[in-house]
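2 protein chains.
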Amino acid sequence: MKPIAATALALALSSLLSGAQAEEKPAPPKKPVTMADILAASSAADWRPLDPQNTLYLELASGRVVIELSPGYAPLHVDNIRTLAKQGYYDGLAIVRSQDNYVVQWADPNDDEKTPEKAKPLGGAKAQLPSEYTVPISDATPFTRLRDADGYAPQVGFAQGMPAGRDPKANQTWLTHCYGALGVARGNDPLSGSGTSLYVIIGHAPRQLDRNINVAGRVVQGMEKLSILPRGTGPLGFYEKPEQYVPITSIKLAADVPESERTRIEVLRTDTATWDALVASRRNRKDDWYQVPAGHVELCNVPIPVRPIDAAKPAIAK
Amino acid sequence: MKPIAATALALALSSLLSGAQAEEKPAPPKKPVTMADILAASSAADWRPLDPQNTLYLELASGRVVIELSPGYAPLHVDNIRTLAKQGYYDGLAIVRSQDNYVVQWADPNDDEKTPEKAKPLGGAKAQLPSEYTVPISDATPFTRLRDADGYAPQVGFAQGMPAGRDPKANQTWLTHCYGALGVARGNDPLSGSGTSLYVIIGHAPRQLDRNINVAGRVVQGMEKLSILPRGTGPLGFYEKPEQYVPITSIKLAADVPESERTRIEVLRTDTATWDALVASRRNRKDDWYQVPAGHVELCNVPIPVRPIDAAKPAIAK
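Chains as they are written, first to last, in this note's numbering: chain A, 2 to 319; chain B, 2 to 319.
Please keep in mind that the hints were generated in silico from the structure rather than gathered at the bench.
Nothing false has been slipped in among the hints.
Any copy will do: because identical chains look the same in the list, a pair fits if it lies in one copy or spans two.
Capping the alpha-carbon separation at 30 Å, the derived lysine-lysine pairs in DSS-like fashion look like this:
#1 K115 x K242
#2 K170 x K287
#3 K127 x K115
#4 K121 x K253
#5 K287 x K115
#6 K115 x K87
Modelling step: build the complete structure from the supplied sequences, incorporating the hints.
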């Protein structure tokens with residue numbers, strides 16, 4: 002028994018591409034179009050590769066987490082994160098926090114007021130950056146609007162595969178804290194974040210963080226390696242003992258990894274007719290299981306499919 | 002470095018209870034009121050115990066998960082689940098599914114079309130029940146409305162500690178699929194759910210399920226024992242091999258557990274002035290960390306605090 006039944010991919014072509022045949026024999030009752038149908042009928046142009054200069058590989062003992070960076074939305078922070086990754090700053094650090102229904106976070110465990118002399122040197126990276134909680138709307142911040150209302154932002158939509166908010170009156174746009182968002186941890190001082198400590202959202206979207214902290218990207222593959230980490234038992238889900246830390250083997254820019262060792266995946270574009278159809282199919286779920294289509298889809302409930310390059314089937318769909 | 006800084010409980014009384022003293026010396030600048038302040042100033046009457054007849058203890062090797070049932074919203078299903086629990090039906094079953102950002106689900110692994118003769122007998126429980134996806138609004142469905150707009154329901158709010166939706170025109174109300182919701186799995190036949198297989202939401206609220214499946218309760222303590230289970234690698238996150246199943250020691254009604262072995266916790270009431278203050282504090286987060294209050298709080302983003310009975314401090318707060 003399943004709360005959601007899989008929709009057979011086999012139905013895809015019959016419902017989408019039934020032009021000629023339909024005139025020859027009586028048409029069967031039309032099957033509603035599901036996301037699986039739409040992905041099966043997508044063209045190569047509906048997908049985009051990841052730019053190796055904007056892709057991080059977070060390597061854990063359990064495998065690789067693939068993160069896409071968002072230079073259009075946090076240019077200074079993305080640049081600093083790239084610099085840190087190129088220097089090997091993150092290699093050997095650890096995930097130090099896992100708070101249920103909220104975040105995992107990594108940092109240099111020695112970057113502490115008590116042991117500043119043990120902290121890893123920043124090298125060419127900056128220790129402090131101006132905030133980029135919002136940026137002006139520009140060509141660097143493309144936006145496919147989601148027509149559905151949102152309580153946290155005047156407008157929401159998708160910016161090159163990342164969920165985003167927008168306030169045209171204030172000429173501001175920002176990435177939102179949906180599941181998988183990569184953020185730049187900071188203390189109470191709004192200037193204190195630099196990218197040395199990063200976090201990923203592992204629970205229900207804490208949208209109240211939007212515009213209060215820098216989102217610098219999004220996990221596109223491997224979330225399940227972060228979301229299942231044992232929760233920390235200290236305040237805010239910090240691990241209480243160093244032996245509980247989850248070691249980070251390395252975080253490298255994909256461009257600095259030999260091509261043969263890169264993860265060959267592509268992401269569905271969010272500015273195409275296929276994308277619009279996908280969103281519509283999620284707004285009103287119609288398949289053999291659903292009884293009452295919602296007539297609404299929330300920003301963080303729209304899945305952004307990823308698949309192996311050259312493969313016909315989507316890697317992520319539910 | 003932390004994306005959210007803890008607010009000192011120490012500030013609580015100074016901001017809430019500063020009546021008399023304030024006239025004697027110049028008042029210090031007022032600190033904004035946080036959830037921690039509100040909980041610290043709450044009275045015993047703001048909290049309610051769990052009814053042992055409506056409480057399930059799911060026992061795993063890792064410990065106990067405490068679930069509150071919702072007889073007002075799914076009376077037939079809650080009754081059937083109680084019957085199953087009393088018979089020991091769930092004891093020795095397993096969690097058979099863990100799908101990232103979605104659900105964990107348990108079932109009788111032998112309750113399968115291939116091996117119907119091996120399925121555990123239902124005894125006095127029913128194999129099929131009419132759907133209770135929505136129920137008429139009545140005295141059994143109390144509702145404290147949340148004023149914030151919601152895309153999935155005409156009205157949302159809280160029903161005895163559970164997030165709920167409501168459509169007054171249709172005279173319908175239902176529990177919503179927020180993090181921790183307990184649901185009754187079903188196949189494509191709307192009648193097929195009975196409570197033998199149950200699921201818990203472990204990711205961003207899949208609100209499209211609302212009104213399509215029975216919600217029968219909510220996890221009030223121990224979510225971290227479910228949310229960290231390794232994800233299944235089969236379709237829909239089902240485990241592919243029996244050795245991957247997570248054994249369920251037992252699921253018992255708290256009333257059937259000796260009083261000395263019950264979990265002594267209480268839940269913040271959701272129909273008090275203290276609750277209203279808590280919601281307001283979450284709508285506009287004002288503390289030393291937040292720069293821009295959201296001015297909005299989404300239904301599934303309002304935490305419902307739980308604490309040990311007799312203790313002064315909340316057990317859950319973030």
